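So you can see what is in the structure, the chains are spelled out below.
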Amino acid sequence: MCESDETRRELAKLKNRLERERNTRVQAEQIAERSLRELYDNRMELIEQSKSVKLLQEIAVVANQASSIEEALQFTLDRVCAHTGWPVGHVYVTADDSREELVSAKIWHLNYPERFETFRRVSESAQFIPGVGLPGRVLAMGKPAWIVDVNKDPNFPRAKIAKDIGVKAGFGFPILVGKEVVGVLEFFAEHAAQPDEGLLEIMGHIGTQLGRVIERKRAEESIRKSEERYALAISATNDGLWDWDLKTSKMYFSSRWISMMGYKHQEIGDSTEEFFGRVHPEDLDRIKAEIKAYLEGSISLYQIEHRIKHRDGTYLWVLTRGIGVRGKDGKYNRMVGSESDITERKRLEEQLMHDAVHDSLTQLPNRTLFIDRVKNAVARAKRRKNYLFAVLFVDLDRFKIINDSMGHYVGDQLLISASRRLATCLRQDDTLARFGGDEFVILLDDVKSESDVSVIAERMKGELTSPFQLEGKEVVISASIGIALYSREIEQAEELLRNADVAMYRAKARGKAQHEIYNPHMHLEVVSRLETENDLRQALDREELFLEYQPIVSLESGRSMGFEALIRWCHPQKGTVPPMDFIPLAEETGLIVPIGKWVIRKACHQIGLWNKKFGMDPPLIMSVNLSLRQILQTDLVKQVHQILNETGVKPQILRLEITESIIMENPGVVLAALSQLKELGIQLHIDDFGTGYSSLSHLHRLPIDTLKIDRSFINRMETDEKGKEIVRTIVALAQNLGKEVTAEGVETAIQLGHLRALKCTYAQGYLFSKPLSDEAVERLLADQPQW
Amino acid sequence: MKGIVFNLFEEIVSQQYGEDAWDDLLQNTGLDGSYTSLGNYPVEQLLKLVGAASVKLKTPADELVVWFGRHALPLLAKKYPQFFLPHKSTLDFILTLNDIIHPEVRKVYPGADVPDFKFESSSNGELLMAYRSARRLCALAQGLIEGAADYYKESVAIDHPECMKRGNEQCLLRISLKKPRT
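Protein chains in written order, with this note's numbering: chain W, 1 to 787; chain F, 1 to 182.
Hints were generated in silico from the structure; no laboratory data involved.
Just so it is clear, the structure is predicted and the values come from calculations on it, not from any experiment.
Treat the hints with care, as some may be off.
[As the list claims (entries may be wrong)] Calculated cross-link-like contacts (lysine to any residue; reagent style SDA-like; alpha-carbon spacing at most 20 Å): (1) F:K88 <-> F:Y151; (2) W:K160 <-> F:Y151; (3) F:K78 <-> W:V26.
[As the list claims (entries may be wrong)] Over the 12 Å line for every Cβ pair with chain W, so calculated as not near, a few chain F residues: (4) A21; (5) L26; (6) Y41; (7) P42; (8) K56; (9) D62; (10) T96; (11) E120; (12) R135; (13) R136; (14) K153; (15) V156; (16) P161; (17) E169.
For glycine and all other residues, C-beta sits at the position ideal for the given N, C-alpha and C.
This is chain W alone, in the form it adopts within the complex (with noise of 0.2 Å):
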């Protein structure tokens, strides 16, 4: 029992010394832990130190050689996260011109870009008030802050994207220039961390560095403004300057800027107004439109020309050219720029421009011009009901005798006084227009009727009778109008032009000094006639025409003595064509010409064959009819002595008619042609004698051999008293005058009777023969009839 006691004393013992050993041994375990961790820490903190100080110098040296602000924090972000271990780094700055809100640098350290890219957006997005956020906290106390959880934070309003994407512990400072925080950096982490307020303080070291980088670097960003401004001037010393605040809305202006519109220096404020204000109320738009193109990207220059106002109430004008100055965070926030006075080289524009779309003689718009402006109306009559205007087709009678015969310097007098005249008549939103000729156009714009139209018509026609004082000469003149009105049916401005054309054609083709209202059916007529001289200019070459030849009778021997050539058109669809359907054409479109040409070379060249074949003595004579036109050709005396020569034919054989109205009308140009063909040794005739109201003084002064009475006294003669009395007057005054008579038209043996018995020399007429083809003329002679 003893023993076991003891025993048992003895284990007690033993056991109480184990645990007294193993809690021994557990406490020194406890000590050497401490002193352990101790001493780890101790060296951490050293190694933790130099680290830092490292990591500040090494921040110090590269944000100070580096060549933007953006590459200092860049570098900054970087080197923190790389320290830290955290894998997120963004900067903030301050708004421009408010220490009250922090914005985006868009400037970031991202270990992971893409898994960090929403919280990157939302944080761009977002704008930090004092207070507000982790930035906004910094901002507030101008000191570093640290967030050990921002799941856990009351105030980290990005805090749902920062719970999705797994962003934990954060920390930021503030870079101070002097006590101004101008920006916040800000690290995150994906675990909670406890502050570390050693690393607080290196960062707030980092932060005053950051800021004197930022002071150096705006200095140098001024200077470069100014360098910029000044570089400007030097471009353009003779420009004005600008430079414009986008924030604030205020402008500056160069003395140069204020002395080109008109003011001394300190008459001009600071305001935008100065500007905008100035620029011609049409270019404000277009301005403001481009400058916010420009601010936007879409354009790369800004540069506009546009009206301003100067001091005196003129506008220049002005080439204004600027640029954008962006701020540090990447928007623009001011513009530069310059404005060059182009007000003179506007001016020889705006010339040019004239010149382009007037006539230079008259000055009034041109064809291009009156266009533009029929299109315009076209438009307007599109847009709006009861609208109605008129175009006026104005052709001046005779104005190409004119100009021929007194010179083109009467001429153009003459159109320029016609264009003052035409000018009276018309409102002021009417345009008269000149195509060039004597064509004038006319716009009258916002008429009531078509009857409105008339009257003005009228007026014009009106104007123009009244006779030209020209280099001391009286011309006289009239106008054929052609009015064409707008209906719905017209589309292009040359429709109604064209219909204005036809109108003025067809009045002309009434005679002169009438107007004409369009309608569609002259259109058609206007086709046909196109046709029918389409067709007569090939009638030459495709030998269509031809002549036939009426036999002249002497009433003293009763024998033909020779024949009037008459010019027949033989069309290939239509047949024969009467010569009245032809020859006002050819006269107005100046084929008569030509045309003359032929029949007087192919009438000498007949008469020239018979002559030779039949040998009558006295020979037969040729009696042709000349034109206007063909008088009016200054070679015409030498085209005839020409084909005399060609064909043989003595002058004395070749007898040419004109019409007594031609030469009243004329008298100058006639009277000279008439007297060198007279010198020729032609014989000259004037037909249609007695509807011309002939003066005696002019009939006396004429070259002129024969007088053919007009066929309507011939027919009266039979019935009428008095027709025979002009007759036997007519007869009388040409024996009077020493001038032989032909009597047209003869149809009756009492016609004949009385003519005999007046002593007229000739007649020619259906009583003794119709016109006949070459072969009948040749039978004629054959069988030498005597009437």
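Keeping the supplied structure of chain W fixed, place chain F upon it in accordance with the hints.
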């Protein structure tokens, strides 16, 4: 292998099966058993002890290691409360391993070969934890995680989709939180 792991194993075995049980393990393995927490001992010794316990307790070795980890955690929490108290949940605690706990371990036990975990949180609240170590003690990690869940009064499910013991390059533990225990 740090002595503290042997100390913990001894403490748990003695607690659950009596002090003689630990002496038996030492006797069966021929190990002398003097382990101090600050010392460093070959990992084979631990594996020998685990093997002996597996035979004695008729339990597969991995299962035994899980059991050991689960019971070791409350002891660690008692010894190092500063690592546990700031957190309210298992996953939060686990995420601090790499950045806080293991660096602290290294301070006290210079040269401690602590594993480096890779974590990936998924949107549905799961945590993927990758473990790579020549010791292949994924079962210990699993046990410690289960112990942590006990500590935070949570219930976790742990999958083991990849395991080095099954020939994978790394062990992958998928930890998902079940409903909190009531």
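Against the structure, the hints come out as follows:
For the given pair, K88 (chain F) sits about 10 Å from Y151 (chain F) by alpha-carbon distance, which is consistent with the 20 Å threshold. This hinted pair does not check out: K160 (chain W) and Y151 (chain F) have alpha carbons roughly 29 Å apart, beyond 20 Å. Pair hint K78 (chain F) plus V26 (chain W) holds up; C-alpha atoms about 14 Å apart against a cutoff of 20 Å. Every C-beta of chain W lies more than 12 Å from that of A21 (chain F), the closest at about 16 Å, which supports listing it as non-interface.
At roughly 14 Å from the closest C-beta of chain W, the C-beta of L26 (chain F) stays outside 12 Å, upholding its exclusion from the interface. Every C-beta of chain W lies more than 12 Å from that of Y41 (chain F), the closest at about 14 Å, which supports listing it as non-interface. The claim that P42 (chain F) is not at the interface with chain W holds, since no C-beta of that chain comes within 12 Å of its own (minimum 20 Å). Even its closest Cβ contact with chain W, about 23 Å, leaves K56 (chain F) beyond 12 Å, as expected for a residue assigned away from the interface.
The claim that D62 (chain F) is not at the interface with chain W holds, since no C-beta of that chain comes within 12 Å of its own (minimum 30 Å). Not every C-beta of chain W lies more than 12 Å from that of T96 (chain F), the closest at about 7 Å, which undercuts listing it as non-interface. At roughly 10 Å, the least C-beta separation between E120 (chain F) and chain W is not larger than 12 Å, which violates its mark as non-interface. For R135 (chain F), the shortest C-beta to C-beta distance to chain W comes to about 23 Å, beyond the 12 Å cut-off, and the non-interface label holds.
For R136 (chain F), the non-interface assignment is confirmed: its Cβ lies about 27 Å from the closest Cβ of chain W, beyond the 12 Å cut-off. No Cβ of chain W comes within 12 Å of the Cβ of K153 (chain F); the nearest lies about 20 Å off, and the non-interface call holds. For V156 (chain F), the requirement that its beta carbon stay farther than 12 Å from each beta carbon of chain W is met, with the minimum near 19 Å. No beta-carbon of chain W is positioned within 12 Å of the beta-carbon of P161 (chain F); the least distance is around 22 Å.
With a least CB separation of 22 Å from chain W, E169 (chain F) remains clear of the 12 Å interface cut-off, as annotated.
Comparing the model with each earlier hint shows violations of hints 2, 10, 11; every other hint is respected.
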